[in-house]
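Student: Just so you know, the protein sequences line up as chains A and B, in that order. Under this note's numbering, read the first sequence as residues 1 to 304, first letter to last. Under this note's numbering, read the second sequence as residues 1 to 304, first letter to last.
Hints may contain errors.
No distinction is drawn between identical chains; accordingly, a pair holds when it is met within one copy or between any pair of copies.
[Unchecked claim] Simulated pairs of lysine to aspartate or glutamate, EDC-like, Cα-Cα distance not exceeding 20 angstroms:
{"id": "1", "residue 1": "Lys299", "residue 2": "Glu213"}
{"id": "2", "residue 1": "Lys189", "residue 2": "Glu90"}
{"id": "3", "residue 1": "Lys262", "residue 2": "Glu90"}
{"id": "4", "residue 1": "Lys189", "residue 2": "Asp87"}
Hint data in this document are derived by calculation from the structure and do not stem from the laboratory.
Protein chains: 2
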Amino acid sequence: MALLVVGSVAYDGVETPHGKVDRMLGGAGTYISLAASHFAEVKLVGVVGEDFAAEDEQLLADHGVDLEGLEKMPGKTFFWRGAYSHDMNERTTLTTQLNVFADFNPKLPASYQETPYSFLGNIHPNLQRQVRDQIASPRFVGGDTMNFWIEGTPDELAAAIEQWDFILINDSEARLLAGEYNLLSAARKIQEMGPQTVVIKRGEYGAILFRPEGYFIAPGFLLQTVFDPTGAGDSFAGGFMGYLTEQGIESLDDASHAHLRKAMIYGSVMGSFCCERFGVEKLRNLTRDDIERRYREFKAFTEF
Amino acid sequence: MALLVVGSVAYDGVETPHGKVDRMLGGAGTYISLAASHFAEVKLVGVVGEDFAAEDEQLLADHGVDLEGLEKMPGKTFFWRGAYSHDMNERTTLTTQLNVFADFNPKLPASYQETPYSFLGNIHPNLQRQVRDQIASPRFVGGDTMNFWIEGTPDELAAAIEQWDFILINDSEARLLAGEYNLLSAARKIQEMGPQTVVIKRGEYGAILFRPEGYFIAPGFLLQTVFDPTGAGDSFAGGFMGYLTEQGIESLDDASHAHLRKAMIYGSVMGSFCCERFGVEKLRNLTRDDIERRYREFKAFTEF
Numbered sequence: 001m002a003l004l005v006v007g008s009v010a011y012d013g014v015e016t017p018h019g020k021v022d023r024m025l026g027g028a029g030t031y032i033s034l035a036a037s038h039f040a041e042v043k044l045v046g047v048v049g050e051d052f053a054a055e056d057e058q059l060l061a062d063h064g065v066d067l068e069g070l071e072k073m074p075g076k077t078f079f080w081r082g083a084y085s086h087d088m089n090e091r092t093t094l095t096t097q098l099n100v101f102a103d104f105n106p107k108l109p110a111s112y113q114e115t116p117y118s119f120l121g122n123i124h125p126n127l128q129r130q131v132r133d134q135i136a137s138p139r140f141v142g143g144d145t146m147n148f149w150i151e152g153t154p155d156e157l158a159a160a161i162e163q164w165d166f167i168l169i170n171d172s173e174a175r176l177l178a179g180e181y182n183l184l185s186a187a188r189k190i191q192e193m194g195p196q197t198v199v200i201k202r203g204e205y206g207a208i209l210f211r212p213e214g215y216f217i218a219p220g221f222l223l224q225t226v227f228d229p230t231g232a233g234d235s236f237a238g239g240f241m242g243y244l245t246e247q248g249i250e251s252l253d254d255a256s257h258a259h260l261r262k263a264m265i266y267g268s269v270m271g272s273f274c275c276e277r278f279g280v281e282k283l284r285n286l287t288r289d290d291i292e293r294r295y296r297e298f299k300a301f302t303e304f
Numbered sequence: 001m002a003l004l005v006v007g008s009v010a011y012d013g014v015e016t017p018h019g020k021v022d023r024m025l026g027g028a029g030t031y032i033s034l035a036a037s038h039f040a041e042v043k044l045v046g047v048v049g050e051d052f053a054a055e056d057e058q059l060l061a062d063h064g065v066d067l068e069g070l071e072k073m074p075g076k077t078f079f080w081r082g083a084y085s086h087d088m089n090e091r092t093t094l095t096t097q098l099n100v101f102a103d104f105n106p107k108l109p110a111s112y113q114e115t116p117y118s119f120l121g122n123i124h125p126n127l128q129r130q131v132r133d134q135i136a137s138p139r140f141v142g143g144d145t146m147n148f149w150i151e152g153t154p155d156e157l158a159a160a161i162e163q164w165d166f167i168l169i170n171d172s173e174a175r176l177l178a179g180e181y182n183l184l185s186a187a188r189k190i191q192e193m194g195p196q197t198v199v200i201k202r203g204e205y206g207a208i209l210f211r212p213e214g215y216f217i218a219p220g221f222l223l224q225t226v227f228d229p230t231g232a233g234d235s236f237a238g239g240f241m242g243y244l245t246e247q248g249i250e251s252l253d254d255a256s257h258a259h260l261r262k263a264m265i266y267g268s269v270m271g272s273f274c275c276e277r278f279g280v281e282k283l284r285n286l287t288r289d290d291i292e293r294r295y296r297e298f299k300a301f302t303e304f
């Protein structure tokens, strides 16, 4: 089974209390794809500039990521630079150069149009909708969004997520989208907007899965050192969708709650690994054994 | 089996976005005792003034709380007034009148001295130590502390907690006490100070149990409405210690990890109930059935 991933492919500069990297592979689409690649075949839709390095393309290819949908445009690849506070709980954006990403107009190659599962990363909701309309007969589709679209293009966003089976969003965005502080109420309001499966990410505190029949809380993994939290939420998305794709779930409504819960844990596992090194470093050489070992750790520290 | 509880018995004034109460029964000793009373016999050590209402004494007595150690002194009962921010995550103290609590010098009645389990609430560490020395042959002893003592009387605090089997503390206090931001490292440092069982409370995000052999994460219960979080941490302590007392655990080192994990969940259950009404209101009429029902809910939303 294959997973369609739409999202940014970028270069990042990151400063954390543990060090500084001037330029490294990043972007939501990259993190989601690499994390999901440990479970399923990924078909990536994105755009890069002429400066996109052959070794970065190779890294994705080595993880079995289908790059037919990764467009190369004249100009430079999206570049973002940010710095984290001492406790890693605050992030300041220092530079955003959209470059070729500013005109990103995702087009699905013919070979992508039958992909059963899709994750629409954080881009303009009209583009998310456009991609959704190009998918022939999806089993389920969902995605992510951010403050910028919630506040700037609420109607377009409402029209996009109305078509989604699931949404994966962080807590402050969920509160903003729903106009509700309480997470139970916020999740219920978001379900009324369309997606019946709502996953709310809470950073170091884990994530919550809301379904009409109940909810499930996945705690955050306690790391000895958080090297770089960039991409942790996207790696969660990759682990979550990767596992569901691997299982070949027919629909989220038919999916036994057990599969969704396991997907939440695999998401948490991938998010936790992501933080242990700068950028995508840790996601590069992970083995399925590493993933399963951490999955068992989650079981060990939550069972009672 | 019985549990000795040392702590403040007070009157509180509380303002939350849901309303305002000018004066109601409160204090850590009260919350801990009422929460623990649903599991075990409680022997309370505290001090009140001449204004302490007969009905409040009756409430404690009705819950089987032994009040021989509740001293009545000339003067007024400790009074605290505070207000919560809209999202309940910040609390501003508006009034603190220590009154008779300023001279609190806990003395154990003879009938208390053989109590097998003790929880030493947040008071001057020298007093905590003095109480500890009056207990004849405890199975285990531990307690709570706060920023005020961590910063103001670090040596006295170190001498007190060196004798403890467990400590129950919130995350910011744990970080301050250990001088470590990372919770894994903070817990390890605190273990080096004495208590091998370290429980770190994280407010709405739950609590973590650290033992030399591993850790356990209990998530916070998702409440539809948080009416008043005052006393939630103390109710957690009451549920945690109440359950261990009920089980008659010989020592925390012998205690199967299963009992400690269950104690963490019973603590979380009592903390969550506490927030659902103003002050001790919800703890008043709770039944064991209510408690067991919520315990099963915790199981349902954490199992995978």
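Student: Confirm or reject each hint.
Tutor: Evaluated hints:
1. Lys299 / Glu213: between (23 angstroms within a copy, 15 angstroms between copies)
2. Lys189 / Glu90: neither (28 angstroms within a copy, 26 angstroms between copies)
3. Lys262 / Glu90: neither (29 angstroms within a copy, 34 angstroms between copies)
4. Lys189 / Asp87: This pair counts as between: shortest inter-copy Cα distance 18 angstroms, intra-copy 32 angstroms.
When each numbered hint is compared with the structure, violations occur for hints 2 and 3.
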